[in-house]
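**Q** From the two separate chains plus the hints, produce the assembled complex.
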Amino acid sequence: MNNARAAGAPPQRTIDIVNASLKRRYAKERRFRLLGASAVVLGLLFVALLFADIVGKGYTAFQQTYIQMPITFDASVIDPEGTRSPETLQRANYAALIRQGQREIFPDVKDRRATRTLASMISVGSASHLRDMVIADPDLIGTTREVWLLADDDIDMLVKGHIDRSAPESDRRVKDQTVGWVERLESEGRIEKRFNTIFFTHGTSREPELAGIAGALMGSFYTLALTLLFSFPIGVGAALYLEEFAPKNRWTDLIEVNINNLAAVPSIVFGLLGLAVFIGIFGVPRSTPLVAALVLSLMTLPTIIIASRAALKSVPPSIREAALGVGASPLQTQLHHVLPLAMPGMLTGTIIGMAQALGETAPLLMIGMIAFIVDIPSGFTSPSTVLPVQIFLWADSPERAFVERTSAAIMVLLAFLILMNLTAVLLRRRFERRW
Amino acid sequence: MSTTVDEMSRRTGAMSSAELAGERESRATVGDVTVANPRMVCRGVDVWYGAKQAIKGVSLDIGKNEVVSMIGPSGCGKSTFLRCLNRMNDTIDGCRVTGSIQLDGRDIYDKGLDPVPLRAQVGMVFQKPNPFPKSIYENVAYGPRIHGLTNNKAELDELVSASLQKAGLWNEVKDRLDQPGTGLSGGQQQRLCIARTIAVSPEVILMDEPCSALDPIATAIIEELIDELRANYSIAIVTHSMQQAARVSQRTAYFHLGDLIEVGETNQIFTNPKHRLTEDYITGRFG
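Chains as they are written, first to last, in our numbering: chain A, 1 to 435; chain B, 1 to 287.
Careful: at least some of the hints might be erroneous.
[As the list claims (entries may be wrong)] Quick look at which bits of chain A chain B covers, simulated, 3 or more residues with Cβ under 8 Å:
1. 312-321
2. 332-339
[To be verified] Think about it this way: if two alpha-carbon atoms lie no more than 27 Å apart in a straight line, the pair counts; the simulated DSS-like pairs of lysine-lysine are:
3. B/Lys166 - B/Lys153
4. B/Lys52 - A/Lys248
5. A/Lys57 - A/Lys175
6. B/Lys64 - B/Lys274
7. A/Lys313 - B/Lys134
8. A/Lys313 - B/Lys166
9. A/Lys248 - B/Lys111
10. B/Lys52 - B/Lys111
11. B/Lys274 - B/Lys111
12. B/Lys153 - B/Lys134
13. A/Lys193 - A/Lys160
14. B/Lys128 - B/Lys174
I should point out that these hints are in silico values taken from the structure, not numbers from a laboratory.
Since the structure is predicted, the reported quantities are computational estimates derived from the model, not experimental observations.
Just so you know, even glycine gets a beta-carbon here, dropped at the ideal spot from N, CA and C.
Just chain B, with the same shape it has in the complex (with noise of 0.2 Å):
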């Protein structure tokens, strides 16, 4: 029985598995979306691809110094409602996003703001590390240097070895850093991608399925790192691994169809969780 329904929602798409089992239940959002220090505010979003709908009216609330995970299965639209936190969803033709999303109690999509500075406050690191093909120093420095955060040299010098230190690639790079940064390997480029966010002090980082492209020590090394950016910023990540969810952040998000089905702290998402799609997503029926 399960099996037909995980193949039938497979191949259908649009229709819920829920439906197609014949249960009318509540696609709703279970649990709490607020918290009480809000960073980002997202609010009845709406994202459409031409006439298609990718996310149908998300409610959901990102802390301050709090790693929020996003999961659910491919095509659910967690990657599309990251994206909506930086407006990169604006480089796609078609893409129309309506409801608010308020970045420190501002529309991120009011007129008359600026897509640019707002991506130096809400950073993103994107599943497959895509490092300029520049030198290593360049890739970190690039963000500070077109924002004009640093004065002289020495203050950027500073600050690049700042940044690569906080992604703990500073004792790995230290003695090259003129050499390109796509001859580093993969785990390495990408914590030189965390590097390179961060060396603009964004005030929340995107992360867009990590370490899907990274071996599991690699893995292991980029979620003590966000373990440890935590402190200082607020995470958003997607990931399809419900271990790497549970390991690295607070509260769990589960999206279902573009509908956001369950949200609440990753012990309870994971031990007691409370919407049936959610179960059977995190027990492994489906998805």
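One chain only, chain A, in its complex shape (with noise of 0.2 Å):
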């Protein structure tokens, strides 16, 4: 100001200055808030997008089509000899009695080839049904009764609209004989979508009408269950020992830059090691979720580590020194006041780790995971698939009721994701804490 005045320039008020580049600072700054705002709309716009076309394509799964059919129980195919043995019931020829009523509904098919198409439209694990029935109640055995029976998944993806019958017979897959066949029954009302709890209730199967999550769910409870109780241990006790006691020396720095790295491995290369080192070395059982959950232990801690370490940065030091003041031993000082205030911190890293192993599919393929098994695990060690593991399966079968379970599952794996994330938020929010 002082070089001005000497130098003859008019006096200009700084106010005046100011007031001249008012405008294009403002400017700049609506600029910058619409390329932000802008931003966030594309991205919403894509997720929406993503959202629109999972639904779109999956809804139709949470339904399946049930055909009703009059069912003979006849004593003469289920139990000749008279005896209601147990063994008897379990072996008893319960393909014959949908065949059966199938006759009655349809007299005029007698053709053999057409019979078996016929036949084909009900489930092949109608039968079963049936017999579980029997079992389940050995009086049905000489009565008449209708049962809704599973469709077969052809059938299920005409009636959902999914295969267009106005194409030419030879492109689709459905003929016009079982059209029309299936329009009859549609008129006879003996045609129902009903809420699909197979696809709830079930493991996976080669039939898609008879194929479910429920394998591969519990598969991901089993492998996230014990991934948690791995690496949020083992996690909070090394960043807890790495911050606040380790010395800071060229050791810990190494390892520092090591955890970092490793955060960016890629997550098959943990696979490969869990192949070598778990299955091939220790013997753990393969595509079990124990040997998964090992895997996704070692690649969730580096994100565990680091997120708990920024949590316990964020602790003042004057809480450490206050504690420290009354004479709380170091370890004292932690559990009973730093660790308490960083909990928030290190739970929302421990859940978004949690949600990166439940969406984990490479390194899951290397240890088996990707095998296919039918049964619903019932332990850590029981061979077991995974939720993401099951959409790529999925994904890969050519039956076109496929298309819209694997959708369906996406679904669910992405409410799950969603539910984790949300509780990771509401956490933060519960325990935040000013001091």
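**A** The following block contains the structure:
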């Protein structure tokens, strides 16, 4: 200011200079806000597109087509000797009962080939459904009931409109003859769409109408539970030691660099490591939640450690001094004061790590989780698969009905991921403290 | 002239203003560092932060039932010295302490001595009030609880209320002991920290600029409190305010660039300083 005056320039008040530049500054600010807002809108748009696509493809999977059949539980077919022994009931030819029912509805179908096509309209699982009914209530033998039977996946697709009835017959999986039968059944009210409980209660299957995600869900549950059990204590302990107790020297620097590197290692590498070490050396049974959890723990540990260290760093040193000042030991200082304050941050990091683990596929392919496992896993060491791998497997299947099941499984996985991330946010809100 | 010296000393830090002024005066401590009945005895204490020496051969006694104030310009090492007295410097990486500091005749830097019980004997109040983010009751009860000073809940309640009373906070908080200590005003928080410190019945209380974050009214209350606490405790207080040092302490130590320049009766230091640096500081010529 002195210089300006000395140079003889007309005295200009600061406020004038500021006012002159103000318009430009505000314009810059508006542009920046607009850019930010459009970035957010673009992001949301793609998320909405993704969701619309998945939901649009998948929502029909939550319904399943059933066909009503008059079933005569013929004693001469089920139990010709009248012993009612469980073994006899178990072995009886229930498929014959279904064929019998179909003959009743379509008495005009005599041709051998047509009969077979007719039989294929009903899911192959229906015979065992009838068997279960009879075993549960042997008094059914000798009676005639109208029974809702699961339709085959092709019929299901046709009823749901995924097969274009106006397309030329040769391009269709379901031929004109079958379409005619289905239309007749529909007009008689013998076709109904119900909520697809099988999808949530069954393991996977080669038959789309019998395939469910229960096995994968349980597998994911066991795997995540173990992963949490392994990685949370180890991760928090490692972070606590590195941040609060370890001397700061070249070794701890090296460890820190390595942890940060591990967080960026492609997950499939952890799968290879798990295959070589856990399965190869330690002989952990393959394709079990146990080995999957070990691999996923390795993968999530860096995330948890980094988040936990950041949480510990954010606890003000004055709290540590206060505790040490009244004579708390270093461990007491950590456990009583620092850890509770850092816990929300640690939990958030852990949940984000768990969400990562829940959605992880690649390393699990390496350790045999890709095996086709129909049974719902009953424990940590029973063979199983997990949700993302199940999605991967179904996405690979040629049947049209698996397309909607894939999308439905993705919806379930997304629901769990959103739930977990929401929990992380809520936890942070709930425990956020000021000091 | 004096401004130049002042600026230079601030800029260079390591060199004393006296040297820059061309005067080679002694930096040995002037005045008697000993007292008749010492609680803590420090002899030839050196402190290094890495390669930098922060305290140079300081000797000082802290007597029973007295308040010793430590004054000096920023960075003179008074806080560093204070933090040696309960080994709080242990938590700082690269900090090294040599010399001897004794509490009741025992060297507190002895290899076999555990700093944890030491800190129960030598309590500390910090510059910024730092109550735990817990209830008022828990703040005061924490020390006695971890040291097992009380046998049951009734005794603990008694101790908490006695400590709060001694800290002059009881009447203000007795109806809301379960509320967070962080919800109190700054002055109340600092008194809560004092209550927390005296709840473990230390022998010495170290105060590191306890009033620098407080307004004059809260400061007055705390100064009054310090005067009352003198009856039972030895107190060492670091302060930036010479008026405060004059008001609360019996003896005053003037630090300058890591040296203890002068020690003496507070009256004598403020009315008749013997060392030129002390005189410059208290007359406001620098610092």
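**Q** All the hints need checking, so say for each whether the structure fits it.
**A** Cross-check of the supplied hints:
no.	hint	in the structure
1	312-321	holds (count 5)
2	332-339	holds (count 3)
3	B/Lys166 - B/Lys153	holds (20 Å)
4	B/Lys52 - A/Lys248	holds (19 Å)
5	A/Lys57 - A/Lys175	holds (24 Å)
6	B/Lys64 - B/Lys274	holds (25 Å)
7	A/Lys313 - B/Lys134	holds (20 Å)
8	A/Lys313 - B/Lys166	violated (35 Å)
9	A/Lys248 - B/Lys111	holds (22 Å)
10	B/Lys52 - B/Lys111	holds (24 Å)
11	B/Lys274 - B/Lys111	violated (38 Å)
12	B/Lys153 - B/Lys134	holds (18 Å)
13	A/Lys193 - A/Lys160	holds (9 Å)
14	B/Lys128 - B/Lys174	holds (23 Å)
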